[in-house]
Amino acid sequence: MAKKQIKVIRIVALILLPILTAVIALGIGRIAISPKDILLIITGRGGLVENMARMTVMSFRLPRIILALFVGAGLSVAGCAFQGLFANPLATPDTLGVASGASFGAAVAILLGFNAIPVQLSSFVFGILAVILTVLCGRGKGKGMTMIILSGIMIGSLFSALISFVKYVADAESQLPAITYWLMGSLASTDYKSLMVGVPPILVGIIILFILRWRMNLLPLTEDEIKSSGTNVLLLRTLTVVAATMITAASVSMCGQVGWVGLLVPHMVRMRLGGNFKDVVPASISIGAVFLVVVDTIARSLTASEIPISILTALVGAPFFIYLMRRGGSMR
Amino acid sequence: MKLEIRNAAFSYKNDRRIFEDVSFEVSAGDVVAILGPNGAGKTTLLKCILGILKLEEGEALLDDKDIRKIPERELFRRVSYVPQAKNTTAGYTVLDTVLIGLAAELSVFRSPGEAEIERAKVALRELGIEHLIDKHCNKISGGELQMVLIARALISSPEVLILDEPESNLDFRNQLIVLDTLTKLSKRGIACIFNTHYPSHALQRANKAIILSDGHTVCGDVDSTITAEAIEKAFNVKAIINEYNDGENSVKTVVPLSVIN
Numbered sequence: 002m003a004k005k006q007i008k009v010i011r012i013v014a015l016i017l018l019p020i021l022t023a024v025i026a027l028g029i030g031r032i033a034i035s036p037k038d039i040l041l042i043i044t045g046r047g048g049l050v051e052n053m054a055r056m057t058v059m060s061f062r063l064p065r066i067i068l069a070l071f072v073g074a075g076l077s078v079a080g081c082a083f084q085g086l087f088a089n090p091l092a093t094p095d096t097l098g099v100a101s102g103a104s105f106g107a108a109v110a111i112l113l114g115f116n117a118i119p120v121q122l123s124s125f126v127f128g129i130l131a132v133i134l135t136v137l138c139g140r141g142k143g144k145g146m147t148m149i150i151l152s153g154i155m156i157g158s159l160f161s162a163l164i165s166f167v168k169y170v171a172d173a174e175s176q177l178p179a180i181t182y183w184l185m186g187s188l189a190s191t192d193y194k195s196l197m198v199g200v201p202p203i204l205v206g207i208i209i210l211f212i213l214r215w216r217m218n219l220l221p222l223t224e225d226e227i228k229s230s231g232t233n234v235l236l237l238r239t240l241t242v243v244a245a246t247m248i249t250a251a252s253v254s255m256c257g258q259v260g261w262v263g264l265l266v267p268h269m270v271r272m273r274l275g276g277n278f279k280d281v282v283p284a285s286i287s288i289g290a291v292f293l294v295v296v297d298t299i300a301r302s303l304t305a306s307e308i309p310i311s312i313l314t315a316l317v318g319a320p321f322f323i324y325l326m327r328r329g330g331s332m333r
Numbered sequence: 010m011k012l013e014i015r016n017a018a019f020s021y022k023n024d025r026r027i028f029e030d031v032s033f034e035v036s037a038g039d040v041v042a043i044l045g046p047n048g049a050g051k052t053t054l055l056k057c058i059l060g061i062l063k064l065e066e067g068e069a070l071l072d073d074k075d076i077r078k079i080p081e082r083e084l085f086r087r088v089s090y091v092p093q094a095k096n097t098t099a100g101y102t103v104l105d106t107v108l109i110g111l112a113a114e115l116s117v118f119r120s121p122g123e124a125e126i127e128r129a130k131v132a133l134r135e136l137g138i139e140h141l142i143d144k145h146c147n148k149i150s151g152g153e154l155q156m157v158l159i160a161r162a163l164i165s166s167p168e169v170l171i172l173d174e175p176e177s178n179l180d181f182r183n184q185l186i187v188l189d190t191l192t193k194l195s196k197r198g199i200a201c202i203f204n205t206h207y208p209s210h211a212l213q214r215a216n217k218a219i220i221l222s223d224g225h226t227v228c229g230d231v232d233s234t235i236t237a238e239a240i241e242k243a244f245n246v247k248a249i250i251n252e253y254n255d256g257e258n259s260v261k262t263v264v265p266l267s268v269i270n
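Residue numbers (this note's numbering), protein chains in the order written: chain B, 2 to 333; chain Z, 10 to 270.
Bound conformation, chain Z alone:
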């Protein structure tokens, strides 16, 4: 599997450029973080990668084929989208929600049966949330709901997972659970692309990063991309990168110091 974005640029009708010069390559097991200030086009970029929006310039290719030319049913069996937990209408049980992830696979006239329910259970078990199966989606916590949405994306055994701010609106512990899940999935060979507001999360979990900011894009390996200078330029925030090392664990964090006016 190779997902490739080449010289991508996008602007909404009659409006300024949202982003340009975005180029990166994703292969199995990659974790790609997309950073940038509010309104920089992070979600827009995700939608372009999903083929929901059309790039103004450049290409999005999956195994050298234009994403928008791949039939939707085929594309969305290989690429799964995980929306933000707060944006979803939670009217169903966890099981029903996870089964929706099979919509691209099942023909219009079919409903999921025993075999599909078994697959839903496997997906839930993998994420350690099988106990939620009969719960109602509006009766579980935000962290649990985010995990359910990841399970919904996983049930179709995708090669690429695209997540829109998966750890936003979550508490400390649940953020860690979601990030650990990404790491685990990438070790299984699933490529993960996610938007985030936390440069530290990108540093800790991703191996590639993209920083979008007003007509200025940086893409590349995470360590060469997320630097104090790059953060300063993109966010107008003075920051340092700190490394904590206790001999066993080494954790890098981006510490914001002050706003630059």
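Looking at chain B on its own, in the form it has when it is part of the complex:
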């Protein structure tokens, strides 16, 4: 009975936590706004609140926080999926070269003078291309999962080299800083238009992985064990890879390489809840969303000028990770 109650409390907490964090984060910044006013504004009764605050919340903070919620949730669950897929606790969205491929796509688009949606599309296309290349190179003789990781690393470094090349030929006055800052990761330049393009693939990916959550427990098992469980191995792996890649590419295209999230959040969750994907997947989605909203809020409000979010995810993430690790609880 007690076990059941804990479960219910956990589910409620996981649903409420991101919403609560988002409401509080909406009020934090150069102009402080009370949670009460925030609620009035987002429920459409903002007439009672002064114009300036309404503007700030609706056109700047809200889209940005929506982005943080989705990217945080998405990258965390994608990390979760890759870790299961490779039976490797250190696997991240970068393992397949997706992040590098998507970054290259965006860098090229910036170089060619595009902005906003074309940058996102190009990033998305090259992200997908990177996975396809990785899978093609890793297939064949070796067949095992290590081959795919190795080829992922190779494709990743290939795209990294191409990014360096793009930077090298970029105009040092305007393009180079733009590409460099974008690569560092920022959620600043978000509007509803780019959310309309970037969020749906993340949402679809999250839903796929959420549905598959229990079956994902099969992923780290041996080939024979998966096959003898009567599961279509190829289909399960393909669905997982496609969903996780779609999330990663869409995230990278919207806000650059936000590192650490896909590694940090699933492990934090695992330390508390154990290795069962049935629990880890929903918790990663929720905690990942909370995590990125918190970090992004710090990034935009700690100093007068904005701090690139990747620096913060590493600065906040690494010590916290070490703390959790030292406090005990196994990795898997």
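Hints were generated in silico from the structure; no laboratory data involved. The model shown is predicted, which means the values in this text are computed figures rather than measured ones. Hints are not guaranteed to be accurate.
[As the list claims (entries may be wrong)] Restricting the straight-line Cα-Cα distance to at most 20 Å, the calculated cross-link-like pairs of lysine to aspartate or glutamate (EDC-like) are:
(1) 228(B) to 238(Z)
(2) 5(B) to 125(Z)
(3) 5(B) to 143(Z)
(4) 63(Z) to 224(B)
(5) 8(B) to 83(Z)
(6) 279(B) to 127(Z)
[To be verified] Only some residues are given here: those of chain B computed to face chain Z with a beta carbon under 8 Å:
(7) 161
(8) 216
(9) 219
(10) 225
(11) 226
(12) 229
(13) 230
(14) 276
(15) 279
Every residue, glycine too, gets a C-beta built ideally from N, C-alpha and C.
Since the structure of chain B is already known, use the hints to place chain Z on it.
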């Protein structure tokens, strides 16, 4: 239930024959032991019986139907596989691990619920390891883990259990526990097919045996198959079969004497 292997042969691509002329029949309650030196193809044969690998020649039939033509979901509800305990990734609790055995039964969109957890408890209770239910799989002993993997295979109420060296890497007592479990399950009508490195275990527990060795296969009833001559031929080891009898128990063992060069 009738599982039948007819004139089976297998070789990996562009390589020598692993085994050939393997024929045997398994029905409910049979215990079949597969013996043979390292590299003789014991595990390969198991994989062919599971339909994971395709036989090069011959057939594997379950109730007269080709195993590879039976839909996986249906096949693996009737046939369960128990891998070696050392090969498994033990990241889950015992309960989670046992529930994985229901993957063939549950639809893609479903997760196990209360009813399934109850079945996991029954499977664990049957093997006398219910107390392990909340333990982490990497915090239990190798013997316990092997029993958990057997429970995972049993939760789907299979008709055939296929075990890959179930008593390898275990201590004396745990070997006996695993073997007793096989005997118990076979009395309940479950057919067990297992690989082993111990000819004595085959003699003591199986009623049918298969000895694989370099292009030479012997299959049949255990007493006519596992003989001193057969052991000598397959393993290049001089051996005798010893029988211990104290009036109550009669235990046969294969005693290795010397290596034949």
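Results of checking the hints against the structure:
1. Among the hinted pairs, residue 228(B) with residue 238(Z) is inconsistent with the structure: their alpha-carbon atoms are about 38 Å apart, more than 20 Å.
2. Using a Cα cut-off of 20 Å, the hinted pair residue 5(B) and residue 125(Z) holds, with the two alpha carbons roughly 15 Å apart.
3. Between the alpha carbons of residue 5(B) and residue 143(Z) the distance comes to roughly 15 Å, so the proposed pair stays at or under 20 Å and holds.
4. About 15 Å separates the Cα atoms of residue 63(Z) and residue 224(B), which keeps this hinted pair within 20 Å; it holds.
5. Between residue 8(B) and residue 83(Z) the CA atoms are separated by roughly 33 Å; this puts the pair beyond 20 Å, and the hint is violated.
6. The straight-line distance between the Cα atoms of residue 279(B) and residue 127(Z) is roughly 18 Å, inside the 20 Å bound, and the hint therefore holds.
7. Annotation: interface hint on residue 161(B) violated; nearest CB of chain Z at approximately 31 Å, more than 8 Å.
8. At its closest, the beta carbon of residue 216(B) sits 6 Å from a beta carbon of chain Z; the interface hint therefore holds under the 8 Å criterion.
9. The beta carbon of residue 219(B) comes within 6 Å of a beta carbon in chain Z, closer than 8 Å, and the hint placing it at the interface holds.
10. For residue 225(B), the suggested interface contact is upheld, since its CB lies about 6 Å from the closest CB of chain Z, less than 8 Å.
11. Against a cut-off of 8 Å between C-beta atoms, the interface hint on residue 226(B) holds, since the closest Cβ of chain Z lies about 6 Å away.
12. The beta carbon of residue 229(B) is positioned within 8 Å of a beta carbon in chain Z (closest approach about 4 Å), and the interface hint is therefore held.
13. At about 4 Å, the closest approach between the beta carbon of residue 230(B) and any beta carbon in chain Z falls short of 8 Å, and the interface hint on this residue holds.
14. Given hint, residue 276(B) at the interface with chain Z, holds; its Cβ is 4 Å from that chain's nearest Cβ, closer than 8 Å.
15. A cut of 8 Å between beta carbons decides the hint on residue 279(B): the least distance to chain Z is about 5 Å, and the hint holds.
Going through the hint list in order, the structure does not satisfy hints 1, 5, 7.
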